[in-house]
Structure formats: structure tokens, C-alpha cells
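Sequence lines, in order, name chains A and B. Okay, so the first sequence: first residue is 778 according to the numbering used here, each after it adds one. Okay, so the second sequence: first residue is -2 according to the numbering used here, each after it adds one.
One should not assume that every hint holds.
Among chain A residues calculated to face chain B with C-beta under 10 Å, some are [claimed, not checked]: (1) R848; (2) S863; (3) D864; (4) R931; (5) R1003.
In short, the hints are calculated from the structure, not lab data. Heads up, the beta-carbon is just placed ideally off N, CA and C, and yes, glycines get one too.
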Amino acid sequence: MDRITALVSSELRLILRNRTTLTSVLVVPLGLGVFLTFSQIGSPAYVVAMQLIFALGMGVYVGGTQTLVARRQSRVLKRFRTSGISDTGLLVGTVGPAAVLALGQLVLFGLFDVVAGLPVPTAPLALPLAVVGGLALVSTAALATSIVTPTAERAQITTLPLFFVMVAAAVIIAVLPAGGWLDALALLPGGALGALSRIAYGAPWSPYVLVSLVVWPVLFGWLATRNFRWDARVAVA
Amino acid sequence: MRGPTAGVRRPGTVVVMTETVSEPAVTGTGGRDTAIRVRGLRVRYGAFEAVRGVDLEVLRGEVFALLGTNGAGKTTTLEVLEGFQRRSGGEVSVLGLDPGGERDRLRARMGIQLQEGGFVEELTVRETLELWGRLAVRPDRPDRLLERFDLVHRRDVRVGALSGGEKRRLDLATAVWGSPELVVLDEPTTGLDPGSRRRTWDAIQELQEAGRTVVLTTHYLEEAEALADRVAIMHEGRLAVSGTLEQILASRPAGFSATLPEGVTPPDGVELEGRTVRLATTDLQRDLTAFLTWAADRGVRLSDLRAAPASLADIYHSIRSDSETDGTVEDAASRTASHRKEA
Chain A
778 MDRITALVSS ELRLILRNRT TLTSVLVVPL GLGVFLTFSQ IGSPAYVVAM
828 QLIFALGMGV YVGGTQTLVA RRQSRVLKRF RTSGISDTGL LVGTVGPAAV
878 LALGQLVLFG LFDVVAGLPV PTAPLALPLA VVGGLALVST AALATSIVTP
928 TAERAQITTL PLFFVMVAAA VIIAVLPAGG WLDALALLPG GALGALSRIA
978 YGAPWSPYVL VSLVVWPVLF GWLATRNFRW DARVAVA
Chain B
-2 MRGPTAGVRR PGTVVVMTET VSEPAVTGTG GRDTAIRVRG LRVRYGAFEA
48 VRGVDLEVLR GEVFALLGTN GAGKTTTLEV LEGFQRRSGG EVSVLGLDPG
98 GERDRLRARM GIQLQEGGFV EELTVRETLE LWGRLAVRPD RPDRLLERFD
148 LVHRRDVRVG ALSGGEKRRL DLATAVWGSP ELVVLDEPTT GLDPGSRRRT
198 WDAIQELQEA GRTVVLTTHY LEEAEALADR VAIMHEGRLA VSGTLEQILA
248 SRPAGFSATL PEGVTPPDGV ELEGRTVRLA TTDLQRDLTA FLTWAADRGV
298 RLSDLRAAPA SLADIYHSIR SDSETDGTVE DAASRTASHR KEA
């Protein structure tokens, strides 16, 4: 655990030093989230769903993919694998800082929502579940996307499809009335975040939510476990 | 045990080999433990086979140099030993462990210098070593390594601003962190100026004096001659020759030359280039003695008499030529055996 903490604190220091990274994983999601809070566009469920997507999708998914690929390109992942940190610890330490920042953003969003007078959720436990499930989704998705991303710059492109699917699924679910076959849209990646935001504000629970929360992280995690690349060149056995 | 510089084999030294060896170069451990044993190693990158059946052994406490051209398979072979590369075939044992399945246990005992990169460029030298200290298994002190590798004055400089030589020194510092049993160095002196190269050589020899096993790859033949107890040359994914430097040199013909006076006819079967006799021989003492006896019997005054074994450079270049000619390579011991038969 000490090794993971050391790596996380080092990566956090690097994020704060690098203006580009700081902007993409902290400033932009924070700015968009705050804008949503105070502009009062859409329902509370919509606002919360978008805040979740901005913090987790932009900060952890896009930022995490960029960091993983950059560290692979510069062979930092490979070097750190020669140290005492485990492979899992190395991945947690590399993606973890973006997750820490995202959690910080979500806490701030919560405070801003209260200040802006957003209604208090009637089923607040749905929101921690959305955060935990969302973190699992975007972290594993970042690992999986890094497999098909050759350079850190290219991550801006390779993350776009899934990011837009997550945004679209979360938004559509959040704004649609609960019930009917459209609830099945929660099965899409990110759909569960919209559904849980809606549930937090009074919508009924749906089995699709739990399925989505479990299936996507398992699928992305499985892909990552099978194909994750620690180095630019890999032999085929 | 050699001192830091006293035992360095100087390139160009003439060593007359009087007999060839019969033991295969990759075997015959002389009773010493084996640190690394590789049998029939194969590695594929898709359709391309980068390593094609490599056998080698590295003894504990020795410096083993792996030479070869770019793309010869050196780095891939090292990566298999380090547990970073899956093998397509063959058996590998490093410090008694299989790097393919026991990398976690192995890395606690092994230090690795990558061929390039591997640092977060935005961290300073001190931050890099402090982070490494928190990640490493073996304890050590950043200050000791900063001093040892002459980086004290650069400790607050970001890694991205270091020169190539300084990065290689930092790289070496992380590889030897905590004095591991086995140190694997991938082209440790590439791009270094002569002073930095000498310091790196000294560091490698210190490791050997401390009983550590060192495996290094290099393009520099003089580096292998200066540092290595045993050498292997890879070419196109295969081990072309391996063994001690003496074994390898003995596996190739030595040569001698002399200039004859005008009007003197050389011995039968010896051709002249101008007035110069050049002979390649697998038994330098025998053939040189015969030639000198021939000259003495006839009162021939030789000038520019020179004798030398094959150099590593000769062997290196001939391996490339051989494979380009007939597509085959062979072990030093096989060459030695065939030359002995011819003799």
C-alpha cells in the first residue's frame, strides 16, 4: 500500500505541474460541472448525471487513458515493473490520481448543488453507488482503451466513441421518464449513471442498472487482463 | 578478482593462441553455479521470429556480454530473462526461477537498466530516486547513488533536462539500487562520452567484485573485451558464437604476415601480396614456427613480421558475412572442433 501511495502522490504532483493535464482532468470537468449547477439547465437528475459523466468520463476515462498510454510510451510502466510494486498496484497508482481528483470534483459539485438550491435527493444512496460503479466503469474502460491507443495524443480520438456513448446514455436515461422498454438503455455504458441519478430523485429501481454496473467493468476488465500492453512491443506466443 | 581498471583487456593486445579448446563454449561451468540457463529460446512477434532457438548459460558472479547488430534479438532475449516478454518456446531459468511465471519473486533479486527511457521527465533526479526508493524492494540511499554516479550537482534538475549520459547514469543508479544479485544492462554505454563510459565500466567491475552477476548487451566490441568474462554474439535471432573471449578467438584463424626481400620465393602454397606473405592459421605457434624455420634455413631476412589472433571485430564481421553467404551460423565450439579436425 505504501508503494501505491507513493506512486499516487507522485502522479498527483505531476498533474499539478502539467498545465495541459491539469486543464483536461481538473479545470474543464470542474468548469462544466459548475456551469451545469448554476445554469439550472434540465432536471436535477440531468444535472447530477452530467456532473458524474464530466468528472468520471473526462477526468478518469480520458485522462486515465492518456496517462496510461504516455507512461507506456515513455517506458515508465516497464521500468516501474522492475521495482517492488505489483502490476495491479502500478495500474492503481497510475490511474488513481485521476480518480482522486474526480472524487474531489464530485464533492465540490455536491456542495455547489446545495448552494445553488438543487433539491435534495430522495434516495441519496443511489449516488454513492453511481460513483463507485462509475469509477469501476471508467477505470476499466481506460485500461481497455489504452490497448488500442498507440500514443497519448491519439487518446483524444480513441476515447471519443465510448465517451460520447456514456454521455448520450447517461443524458437520455436521466431525462426520460422511468418505465417501459427505454429503461433498457441503462444497459449501455454510462447508462447506469443516468439511471442512478434518476433513481436518486425518486424514480424506481431497475434491474438493468445493476446489470450494467457489473457487466461493463467485468467486460472491460477482462479485455484489459487479456490484452493490456505494458510496453510498446509485445511478443505473440 | 579484477581491480576497477587494472585487469581491463586492452583492445589491440597481441595474444598468441597455441591451442584451441575442445569444450563447448556454452557448457562447462567449471563447478560454478549457473545464474541463467536458456535452452531453445524462441520469441515471435506475429509472423516474425525475433529469437530462433537460443541456448546460453551465465555463471554466478561473471560478466556476460551479449553482442549483436540491431535487430539481432539481444533486447528481446533480455526481456525474456527479465520476465517482460513471453516466449514462444524453450526453457528459461534465472536465479533458479522461471521469469515467465515467477517474475514477482525474481524482480526482488534483479536490477534492470532499460535500453532507453523509463523515466518521468517532469520529475527531478532527486524525486526520481526518492520515488524509486519507495517502490523498490531492496533498501538503498538516494544520496549514495547520486554521489556514486556523479549526479549530486544535478539532483534538482528535471530528468527531461538531463543529457543522454546523465540519464544513462541515473538509469544505472536505479538498476544497481540495493545491490541486486543479478544486474541486466541493456546497452549501458550507448551514447556516452569516453569519461562517462569509463565510469560505467568501473561501476560494472565493482558489481563483479561484489560477486554480482552482470548481463549486458552492447554494440561496442571493446566494451565486451574489457568487461566480459564470457561473450555471446547474436545474429538474426540466433546465437552465432559464445564462450570466453579466448574460446571465441581460438575458434577463428589467427594470422601472421611478413615482408619478404626481393627475389625470394615463398614456401609452397603460400601466396604473396606484393612482397607480403599473409597466412591465416588455426595453430599459430606451429605454422609460425614452420615459417620462421623456413626463413632461417634459407637465410631470409623478414621485415614487418606481425602475428595476431583473430579479433572480436574480425569474428563479429565474419559472422555477418557468413550468414549473408550461406545463411548459416554455428557455435564457437563447433567451429573450434572443425578447425581442429582440419589442423
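Evaluated hints:
1. R848: Holds: closest Cβ of chain B sits about 8 Å from A/R848, inside 10 Å.
2. S863: 7 Å, holds
3. D864: Holds: closest Cβ of chain B sits about 9 Å from A/D864, inside 10 Å.
4. R931: 18 Å, violated
5. R1003: 13 Å, violated
Hint violations for this structure: numbers 4 and 5, all remaining hints satisfied.
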